[in-house]
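**Q** Spelled out from the first residue to the last, the chains are:
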Amino acid sequence: MFAWLDHRTGLKNLLALMLLEGVPGGARWRYVWGSCLAFVFSIQLVTGLMLMTAYSPSSSQAWASVHFIQYQMDFGWLIRGLHHFGSQTMVVLIALHMLQVVIAGAHLPPREVNWWLGIGLLSVTFGLSLTGYLLPWDQKGFWATDVATNIAGSLPMFGADVKQQAVGGPDSGNHTLTRFYALHVGILPLSLIVLLIAHITIFRRHGVTSKENQDGLVTSPQNEHAPGSEPFWPRQAFYDLIACMFIFGLMLTAVLYGFAHPVTPPAAEEGAEPGLYDRIARWGVEGKGAELDAAADRDTAGYPARPEWYFLFLFQLLKYFPGDYAIFGTVIIPNGAMLLLFLLPLFGIGSLRKVGHFFGILVMVTLVVMAGLLTLKALDDDRPEGVLWGILKNKDDEKAKKAAEDFQHKVHAAEILARRACQLAMEGSPVEGGHFLIRNDPYITGQKLFKEKCASCHNFTRQPFEKEEYPFESMTDGKTASDLGDFGRPEWVAGLLKNPLDKHFFGRVTEPGKDDKGKVVPQPVFDGMKGWRDDIDSVRVDEKWKPEKIAAQEKEFALIAKWLADQAGPKEKRDDAGQAAFFNKANKCSGCHMVEKKEKDGAKIVFVKKGGKTGPDLTGYGSAEWIRAMIMSPGHKSRYGKANRMPAFRNPDGAGSELSLQEFRETNKDMPPSMVSPLTDIDREMIIRWIRRDYRPVYGGSPIR
Amino acid sequence: MAEDNNRRSFLGWLTVGIGGIFSVFLGVPVVAYVIDPRHRKGPKSAMKLVEGVKLNELAPGGTPLQGVVRDTRTDGWTLYPNDVIGRVWLVQVGARPDLSTPEKLAEFNARTTAEKASYLFVFTTKCPHLGCFVNLNGAGNGFACPCHSATFNLDGQRAAAGNPAQRGMDTLAWEIDADDPELNRIKVIFKSYEANNAEKIPLGGGDKETPNL
Chain A
1 MFAWLDHRTG LKNLLALMLL EGVPGGARWR YVWGSCLAFV FSIQLVTGLM LMTAYSPSSS
61 QAWASVHFIQ YQMDFGWLIR GLHHFGSQTM VVLIALHMLQ VVIAGAHLPP REVNWWLGIG
121 LLSVTFGLSL TGYLLPWDQK GFWATDVATN IAGSLPMFGA DVKQQAVGGP DSGNHTLTRF
181 YALHVGILPL SLIVLLIAHI TIFRRHGVTS KENQDGLVTS PQNEHAPGSE PFWPRQAFYD
241 LIACMFIFGL MLTAVLYGFA HPVTPPAAEE GAEPGLYDRI ARWGVEGKGA ELDAAADRDT
301 AGYPARPEWY FLFLFQLLKY FPGDYAIFGT VIIPNGAMLL LFLLPLFGIG SLRKVGHFFG
361 ILVMVTLVVM AGLLTLKALD DDRPEGVLWG ILKNKDDEKA KKAAEDFQHK VHAAEILARR
421 ACQLAMEGSP VEGGHFLIRN DPYITGQKLF KEKCASCHNF TRQPFEKEEY PFESMTDGKT
481 ASDLGDFGRP EWVAGLLKNP LDKHFFGRVT EPGKDDKGKV VPQPVFDGMK GWRDDIDSVR
541 VDEKWKPEKI AAQEKEFALI AKWLADQAGP KEKRDDAGQA AFFNKANKCS GCHMVEKKEK
601 DGAKIVFVKK GGKTGPDLTG YGSAEWIRAM IMSPGHKSRY GKANRMPAFR NPDGAGSELS
661 LQEFRETNKD MPPSMVSPLT DIDREMIIRW IRRDYRPVYG GSPIR
Chain B
1001 MAEDNNRRSF LGWLTVGIGG IFSVFLGVPV VAYVIDPRHR KGPKSAMKLV EGVKLNELAP
1061 GGTPLQGVVR DTRTDGWTLY PNDVIGRVWL VQVGARPDLS TPEKLAEFNA RTTAEKASYL
1121 FVFTTKCPHL GCFVNLNGAG NGFACPCHSA TFNLDGQRAA AGNPAQRGMD TLAWEIDADD
1181 PELNRIKVIF KSYEANNAEK IPLGGGDKET PNL
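As they're listed, the protein sequences go chains A and B. Position one of the first sequence corresponds to residue 1 (the working numbering), numbered consecutively onward. Position one of the second sequence corresponds to residue 1001 (the working numbering), numbered consecutively onward.
Treat the hints as calculated values from the structure; they're not laboratory data. Glycine included, each C-beta is placed from N, C-alpha and C at the ideal position. Among these hints, one or two may not hold up.
Some chain B residues judged to face chain A by a derived CB distance under 7 Å, without partners named [what the hints assert, rightly or not]:
(1) R1008
(2) G1012
(3) A1032
(4) D1036
(5) P1037
(6) T1078
(7) P1081
(8) L1120
Please construct the entire structure, taking both the sequences and the accompanying hints into account.
**A** Written as structure tokens, this is what we have:
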């Protein structure tokens, strides 16, 4: 079989050509770096092709498609994780490879052309890292790339043109992604492959740089038996493979350690626990693999942008050259270093070889140490406690410490958004783009809007409730209205029934009035509920109720509170006992409040509105509809009528809104125009959901599910 | 010399072995990733309102009317909160059943699709041949597919001999919408089925159904 194949293809010779190359001086562990680089590059090719099958390079879809790979596709976390850490491994291996080459003097004549090809490979690898960092279109990649392209744009002469060409227009977006994508998956890998073939071919021409082969005698399978020489196969191949496996092990460790944000998958269908295979195939949900930040949103205040760690030395360099001197940090020093590397072999021509060799080691080690120190300093600057036990830190620099604390605070805030975005996208991403998950998220944006629009009057403090995963700041600057933190929950209603004029409820809704002596004092506006409470209490006193009777009534009030809280839910689930208590004349609710009542009409069950009209209509109390009417028309007769003191919040924009506003003004002639505040429909819905602890994002105004 | 050769071949086999194990180790997840689409399920089926048509606009033997079905639609990673997931043809064949009490309505809704067909057919507009959009024919007394000339009678069965379709038009499970006060609207479970197959197999998983042969 093999003989037949060999006869037709020459396979044997090909294998011999590939594997039986002579290694002058014998196999060595220190020759493994080049093979390791080729190995990791091939992993990048395979995983990169896999990622291409599921990735969508557009500014609205890229993030969501990467999220899908990371969290939904079988082994997407592994493929993406290997690709992510593979790129970092490439950078580290290149540094080691170059160091080894220079220490061996393998860059010196006659091998200088291969050194130059190596520098080309280094540049292409950096290009791949830079372009790849943007592709997920998450905050990290977006802001770092924005900075990188702006550096290019600030260069003298053609800078602006280069930037516009790279970004695909005056500003980054779809065209930046399509360009970077084409560079990342087409132009750069092809260049790398071409350079790599040339690099290996020339390497094969000169062979390894050992004592026996310093002058690069032309090696071939035939000189396998040259003195001191040993074929590549099997010993060197074995060494290479072991080194590759070790490196792969490191990459896999990083992937399995997991840098992604864990999420809760949507409830499994039919309640089935996922099997072991499914669990491992979707291990991304448990945080395995590479991190995915929140989707890029140019409307983000103060994103703490940093490049990937192996570019931190360049980032740090910029700090030392402010203003007009920036060009030293962006162009002159980095390119000077590259030029020096490029010229390195020329220092070792002919009899200068020994001097050149020493100089090369000096340069290489200096560059690596400098880059390392700059990287450490960059990391140190961003941490209040510093790195390496703070030995780089100037302890007295309060300003720097404050800046580091501020940076860490922003990183923490960004992480919360990232976790939230990754969680929300488990249900699917909005067609407008992944960043709308946060923009239209009641938890993040609804909370922010409440603070902006409502918190100047309403406080917002909350009892801990079930599992609240995300941080929440109490709002306590409100002065003139109720505390809406637990609005609509049974405890809230029960509290209101107990003491209506508590500052949590109507106690702060006041207007100037006069007391018995004619002194101006704040008078509560809503004395209706206070009157009710006084009534109840005086009846108990007048009729000399026994404690058991009082306790029984308080129990009924608890039922009423629960029943009112249930108004926001489905009709069928409301408790009949609560309804009976509400309509119990002794409890004096239905005399003022209208509410939908469940009644029997023959065999049929019907819901009819019953009750008085002097208080707000409690039908659907606490539901989105109830709150919406309260926000849009608080002075409506079904809400607080003439007693209302809250502005109406109406959408001033959009087709038809002017008509609705005009109708509103005509039916609310008493309301001064200053009492109508602008609030868009989506913002309003987010505030409503925030109040109701309904944290599903608002998708283009259409509710999900 | 022989010892040296032995050592070489042992190292060689070890290298091949480790390389092979690694290839399988990485190859399995790569293959699983590539065949991931096989694990994607079809949309969840639930009764959804048919918009744009009321039952009292139909008459026995009259022209069929078209309705539209909307639902949340997931396209890979994109969620469309309210998209058109399909269209249906409604064909009334018999008299409207007695729905005067909730019990009678519940009893009618509990019937099978085949039993309900004595009153009304509900077809998807997808041609069972190769999935084109089936229209009414010019005369309005049958259906015709614009792609490969598949033709169907008003009862959804294949019309002429030489019809390219392997089965009749696909009926959908439906019920009368109890929330509509006039009981003039229906709900359907919208599904698509494998094309060009005499059997009626739902796409994205689910049990085989009885085709309209």
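**Q** Could you run down the list of hints and mark each one as holding or not?
**A** Hints versus structure:
| no. | hint | result |
| --- | --- | --- |
| 1 | R1008 | holds (6 Å) |
| 2 | G1012 | holds (4 Å) |
| 3 | A1032 | holds (5 Å) |
| 4 | D1036 | holds (5 Å) |
| 5 | P1037 | violated (9 Å) |
| 6 | T1078 | holds (5 Å) |
| 7 | P1081 | holds (4 Å) |
| 8 | L1120 | violated (26 Å) |
Going through the hint list in order, the structure does not satisfy hints 5, 8.
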